[in-house]
Structure formats: C-alpha cells, structure tokens
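Enquirer: Sequence:
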Amino acid sequence: MHMKHRKRTGKRRLLSAALCLAALTAASGPFTAYGRERGDWDMSEDGKHWMYMYAPDEPAKDEWVEVDGKEYYFDSKGYMKTGWYKDKEDGNKYYLGDDGAKRYNSFTHDGHFVGSDGVILEQYDDWRKDMKKQLNSYLKSKEYKQADVSQRPGFVIADLNGDGYKDLAVVDRASAPRRMLYIGIWDRDEAELVPAALADAEGTEATWLTRNPETETTWLVSDYGNGWDKDYFLLDDGGLFFDNVWHFTTRQDDWDTPLFYINGSESSREEWDESLAEAAAEAGSPLPNPVIFLTEEYINQTVDMFPSEEELILWES
Numbered sequence: 461m462h463m464k465h466r467k468r469t470g471k472r473r474l475l476s477a478a479l480c481l482a483a484l485t486a487a488s489g490p491f492t493a494y495g496r497e498r499g500d501w502d503m504s505e506d507g508k509h510w511m512y513m514y515a516p517d518e519p520a521k522d523e524w525v526e527v528d529g530k531e532y533y534f535d536s537k538g539y540m541k542t543g544w545y546k547d548k549e550d551g552n553k554y555y556l557g558d559d560g561a562k563r564y565n566s567f568t569h570d571g572h573f574v575g576s577d578g579v580i581l582e583q584y585d586d587w588r589k590d591m592k593k594q595l596n597s598y599l600k601s602k603e604y605k606q607a608d609v610s611q612r613p614g615f616v617i618a619d620l621n622g623d624g625y626k627d628l629a630v631v632d633r634a635s636a637p638r639r640m641l642y643i644g645i646w647d648r649d650e651a652e653l654v655p656a657a658l659a660d661a662e663g664t665e666a667t668w669l670t671r672n673p674e675t676e677t678t679w680l681v682s683d684y685g686n687g688w689d690k691d692y693f694l695l696d697d698g699g700l701f702f703d704n705v706w707h708f709t710t711r712q713d714d715w716d717t718p719l720f721y722i723n724g725s726e727s728s729r730e731e732w733d734e735s736l737a738e739a740a741a742e743a744g745s746p747l748p749n750p751v752i753f754l755t756e757e758y759i760n761q762t763v764d765m766f767p768s769e770e771e772l773i774l775w776e777s
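Using the numbering used here, the first residue of the sequence shown is number 461, and each one after it goes up by one.
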C-alpha cells in the first residue's frame with residue numbers, strides 16, 4: 461500500500477502510525493469508497509487520527525470506505541472512527557474495532573455480540589444476561605458459600621424443549637447430582653428464562669432429567685425414595701412447562717395390604733409394574749450433557765461461548 465503524509469516532520473511518530481495501519485489492513489491494496497475513486501491513507505496533522513484522502517486536502521467525510529471486504533467510517537472531520545458508531549442513514553449502531561474495521565459475528569469489548577449485519581443481537585444479549593443472573597443468584601447465596609466445595613451446585617445449559625434455544629438446569633451437587641434445583645426454559649417472546657421447575661436443596665425426593673433420543677423428548681423424573689412413589693413429567697415440545705404424564709403411588713389398606721395406583725386410579729400390581737416399565741422406557745436415559753461446576757469462571761466461559769451457525773440464525777430471525 462502506498463502511504464503518504466502531509467509533513468516530513470515527526471518521522472518516528474508517523475512511522476509508528478504507518479506500522480499500525482499496516483497491521484490493521486493486513487494486506488496491501490487501495491481503499492475504495494462506495495461510488496468514489498480510490499484514495500490513500502494519511503495521518504491528521506496532530507498525528508492522532510487516520511484519514512482517507514481522495515486527493516490533497518480532500519478527505520473522505522461522513523461516509524463508509526471499504527477495502528478487502530472491511531468497512532471503515534470517517535466522521536465529519538475526516539477522522540477514522542473506532543468503537544460504537546450510530547449510522548445516520550439506517551439508525552443502527554455498529555461496532556468498529558481498534559483497527560477501525562466494522563465487526564461482524566463477534567463479541568465487543570463491552571460485552572455485546574454483533575451479528576452478520578454488524579448490529580447487536582439484542583435477544584442473544586438478553587439470553588446471556590438472564591443466564592448469568594440466574595446462575596449468579598446461586599453463586600452468591602448463603603448456602604453456596606457455606607457448603608463444602610464437593611457439595612456445591614452445578615449446572616447444565618442445553619436445548620431441553622427442542623426449539624433450538626438453550627435452556628438452563630441447576631443441580632444440587634456438581635460432583636454427584638441428587639436433585640434439580642431449577643429448570644428454566646428460554647421464552648423468546650418475553651426474552652427471559654421461565655421457571656419450569658423449582659426446588660430447594662433440602663427436599664427428600666431425588667429428581668433428574670432424562671432424554672429419549674428416539675422421540676426427542678425431555679422428561680423430569682421424581683423418585684420419593686420409598687421404593688414405590690414416582691412421577692414422570694414430560695416437557696412440552698417447544699413449550700415452557702412440564703406435564704405430569706405418569707404418577708405412581710402406593711398405600712396400605714386397613715389390613716396392611718398394599719394398594720397400587722396409577723394416575724390416581726387403583727390398579728393391579730402387575731399392571732402397575734408394566735406401566736412403570738413403560739414410563740421408564742418413554743423417559744429414556746439421564747440427560748447426557750455434562751454437569752458444570754458452578755463458579756464465576758465456568759459461568760462466563762459457558763454462557764459467553766461463541767454461538768453456532770444454527771444459533772446465530774435463530775438469534776437473527
């Protein structure tokens with residue numbers, strides 16, 4: 461790239477600026493403004509700003525300039541912009557990196573994420589914010605701080621209802637989960653996690669999530685620890701809540717004879733056993749997603765993970 465400067469003085473400063481520009485462009489070649497002739501880079505007289513000159517004393521002003529697929533904006537003074545810029549034409553805010561180039565499909569320095577059009581993905585920002593809010597509420601709780609490290613909660617982030625958006629499950633112990641503390645399903649319309657199940661860590665029943673890969677359904681199983689009573693809750697496909705599909709319980713009559721009930725109706729022991737096996741088969745196996753230890757570092761790493769192509773399409777739709 462041909463570089464020129466207005467003055468010969470300050471060679472060391474201008475050389476440093478030239479090296480900086482070479483790094484940001486990453487390739488030689490002329491810049492082209494939309495519908496304008498090619499120009500050259502130049503440094504402002506105070507040595508603080510890059511400018512784009514069509515000719516001597518004719519800088520690009522209030523316009524976008526493109527080179528090698530990268531876009532830059534020059535303000536009313538002809539200075540290259542960095543950071544956030546609100547376009548006067550479309551009203552959108554775009555993020556320009558330290559090198560001046562408009563960013564696409566990337567995180568910004570202040571924690572936002574811009575999509576394929578360079579605009580903030582508001583829904584994705586909302587999702588990350590609510591995920592961290594829920595997880596941090598457990599992280600900052602008195603119970604968490606007083607618990608031994610091996611007894612502290614863990615979490616799973618996965619698409620539970622099959623709508624493509626990842627949901628949240630918090631378990632009582634990351635090392636050996638016994639019960640679900642919280643299950644939140646992402647509601648796109650309200651841009652928030654909706655509690656589908658809540659429990660405290662002191663309950664007696666064991667609860668866990670299962671997944672049936674054949675039917676692509678997610679279940680919440682509750683075992684009351686007495687060897688008899690169990691519930692199977694099915695998460696609605698694309699929905700926000702669980703339905704109690706199977707309820708198994710027993711009790712004894714006045715002569716201590718066991719009585720068996722399925723969904724509130726008395727049944728024979730044989731029918732009870734067959735239905736229980738059917739429910740277990742429908743529910744499938746425990747959710748295969750790994751449980752992540754609840755720490756600030758792991759929360760940020762997991763929630764701020766770069767979205768997949770499929771997820772980007774969802775957040776941009």
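Simulated from the structure, these hints should not be mistaken for lab results. We put the beta carbon where it would ideally sit given N, CA and C, even for glycine. You may find that some hints are simply not true.
[What the hints assert, rightly or not] Label pairs and their computed distance ranges (CB to CB): (1) 524 to 673: 47 to 55 Å; (2) 593 to 766: 19 to 27 Å; (3) 549 to 675: 44 to 52 Å; (4) 582 to 683: 40 to 48 Å; (5) 770 to 745: 36 to 44 Å; (6) 603 to 750: 19 to 27 Å; (7) 748 to 522: 31 to 39 Å.
[Claimed, not checked] Below, in silico cross-link-like pairs of lysine-lysine (DSSO-like), each with a Cα-Cα straight-line distance of 27 Å or less: (8) 589 to 626; (9) 541 to 521; (10) 553 to 541; (11) 521 to 548; (12) 602 to 592; (13) 593 to 626; (14) 508 to 521; (15) 562 to 521; (16) 508 to 548; (17) 546 to 508; (18) 592 to 541; (19) 589 to 537; (20) 602 to 553; (21) 541 to 530; (22) 593 to 605; (23) 530 to 546; (24) 548 to 537.
Enquirer: None of the hints should be skipped; say for each whether it holds.
Expert: To see whether the hints hold, each was checked on the structure:
no.: 1; hint: 524 to 673: 47 to 55 Å; result: 48 Å, holds
no.: 2; hint: 593 to 766: 19 to 27 Å; result: 21 Å, holds
no.: 3; hint: 549 to 675: 44 to 52 Å; result: 50 Å, holds
no.: 4; hint: 582 to 683: 40 to 48 Å; result: 41 Å, holds
no.: 5; hint: 770 to 745: 36 to 44 Å; result: 24 Å, violated
no.: 6; hint: 603 to 750: 19 to 27 Å; result: 23 Å, holds
no.: 7; hint: 748 to 522: 31 to 39 Å; result: 54 Å, violated
no.: 8; hint: 589 to 626; result: 13 Å, holds
no.: 9; hint: 541 to 521; result: 11 Å, holds
no.: 10; hint: 553 to 541; result: 13 Å, holds
no.: 11; hint: 521 to 548; result: 13 Å, holds
no.: 12; hint: 602 to 592; result: 18 Å, holds
no.: 13; hint: 593 to 626; result: 15 Å, holds
no.: 14; hint: 508 to 521; result: 17 Å, holds
no.: 15; hint: 562 to 521; result: 17 Å, holds
no.: 16; hint: 508 to 548; result: 24 Å, holds
no.: 17; hint: 546 to 508; result: 22 Å, holds
no.: 18; hint: 592 to 541; result: 32 Å, violated
no.: 19; hint: 589 to 537; result: 37 Å, violated
no.: 20; hint: 602 to 553; result: 41 Å, violated
no.: 21; hint: 541 to 530; result: 13 Å, holds
no.: 22; hint: 593 to 605; result: 17 Å, holds
no.: 23; hint: 530 to 546; result: 18 Å, holds
no.: 24; hint: 548 to 537; result: 16 Å, holds
Hints 5, 7, 18, 19 and 20 from the list above are not met by this structure, while the remaining hints are.
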